[in-house]
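Each chain, letter by letter, is given below.
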Amino acid sequence: MSAGFFTDLLSWLLLVAGGFFFLVGAIGLNRMPDVFTRMHAVSVGDTLGAGLLVAGMALQAGPTLVTVKLFLILLVIWFTGPVATHALARAALQDKLLPLIANRSGKLVEGDPDKIALKDSSKPGKGRAQPSKR
Amino acid sequence: MVLLSLLAAVTIGIVRLRNLFAIVILSGIYSFLMASVMIVLDAVDVAMTEASVGAGISTVLMLGVLYLTKTEESAPVHSPALPLFVSAVTGAVLIYGTFGLPPFGMADTPVNTHIGPDYLAGSIPQTGIPNVVTSVLASYRGFDTLGETTVIFTAGIGVLLLLKRLRRAEPDK
Amino acid sequence: MMFAAAILAVLAALILTVVRALKGPTVFDRLLAANSIGTGAILLLALFGFMTGRPEFLDIGLLYALLNVIGTLAVLKFFRYGSLGHGGEEETEA
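So the protein lines, in turn, are chains A, B and C. Under this note's numbering, the residues of the first sequence are numbered 1 to 134, in order. Under this note's numbering, the residues of the second sequence are numbered 135 to 307, in order. Under this note's numbering, the residues of the third sequence are numbered 308 to 401, in order.
Warning: the hint list may mix true and false statements.
[Said to hold, decoys possible] Below 25 Å or equal to it, Euclidean Cα-Cα: the simulated DMTMM-like pairs (lysine to aspartate or glutamate) are:
id, chain 1, residue 1, chain 2, residue 2
1, A, K69, B, E282
2, A, K69, A, D8
3, A, K69, C, D366
4, C, K330, A, D8
5, A, K69, B, D252
6, C, K384, A, D34
In short, the hints are calculated from the structure, not lab data.
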């Protein structure tokens, strides 16, 4: 009985943690200022949250075919999520959408990190989109 | 149900937006939510169809169409009052019709007493197919399904030909 | 019961994600939200299957996962190359 109790407890913990991270990712999706930071927030939910949820469910399922399927789903999510996010970032840069960065006075401006470092007062966004090692 | 209100929200978003890209993406979202609702209602096969057709194929097809047109919806020519009236009346009539339906899942309705039990009982001995939905579709209504498949296949070929011809007519980028 | 808690969390996350998808200023925001909604739908599906004691729903979850990435990549490819037909021969990324 104690083994079942501990499995349940661990499962609870994993599921609640997974739900928490997924929720945090969604909150970040709403709170973050631009596309790239939102991407960053969502990836937390899509990898860690999904992983914890799947682990919690797998503990409940036990060593059966269901667990194999669960981990197959997790594998698909883990492989395709980052790929999709990467493609999204590439497409966003291609579309002349530059990441927001803080200038000297701490305000968020849209721009190229290299150019911002030189002159921080003007707003050099919307220029050529240079994917600078991102 | 939360999912249904999300569906309504996404629909209003689709109606209000003018950027067609965003509309394509939102309809993909709509399909995923709709499929989730179907799962919750225990209609697994419908959910699978909705997901693969709605979120998979039609997104790709709509993008292919979008390539041929512009990405901003033009302003409506007619006043939307008459279509709104028609669809509101139709929706009201349909909702009124649901009041005549028996409650969800009741056992003594025509759906559950007329021919359903025969299918349920005869599926394994007559066809040997473990899934009842599959046996009804592929065995009892085999010719019907064959016709449907032919129609869908023809439609798919037509769409492919249409897209291909229009693309060739345009100079290569 | 534990699945119900997780389902509540995922549902709340879905609501927030739909909010972002509806008001997202750029198309990429919406696309990101769509991707996240796909993941959320998969997890919701799996959790619901477990809650009702029928985990064979997972096959459909697998299908959703594949479709989700197909949809996202199709849209992104469209953005990069302007079409779906050609472009496969230029670069094989994404």
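These are the hints, each one checked on the structure:
no., hint, in the structure
1, K69/A with E282/B, "violated (32 Å)"
2, K69/A with D8/A, "holds (20 Å)"
3, K69/A with D366/C, "holds (7 Å)"
4, K330/C with D8/A, "violated (40 Å)"
5, K69/A with D252/B, "violated (34 Å)"
6, K384/C with D34/A, "holds (21 Å)"
Hints 1, 4, 5, counting from the list given before, are not met by this structure.
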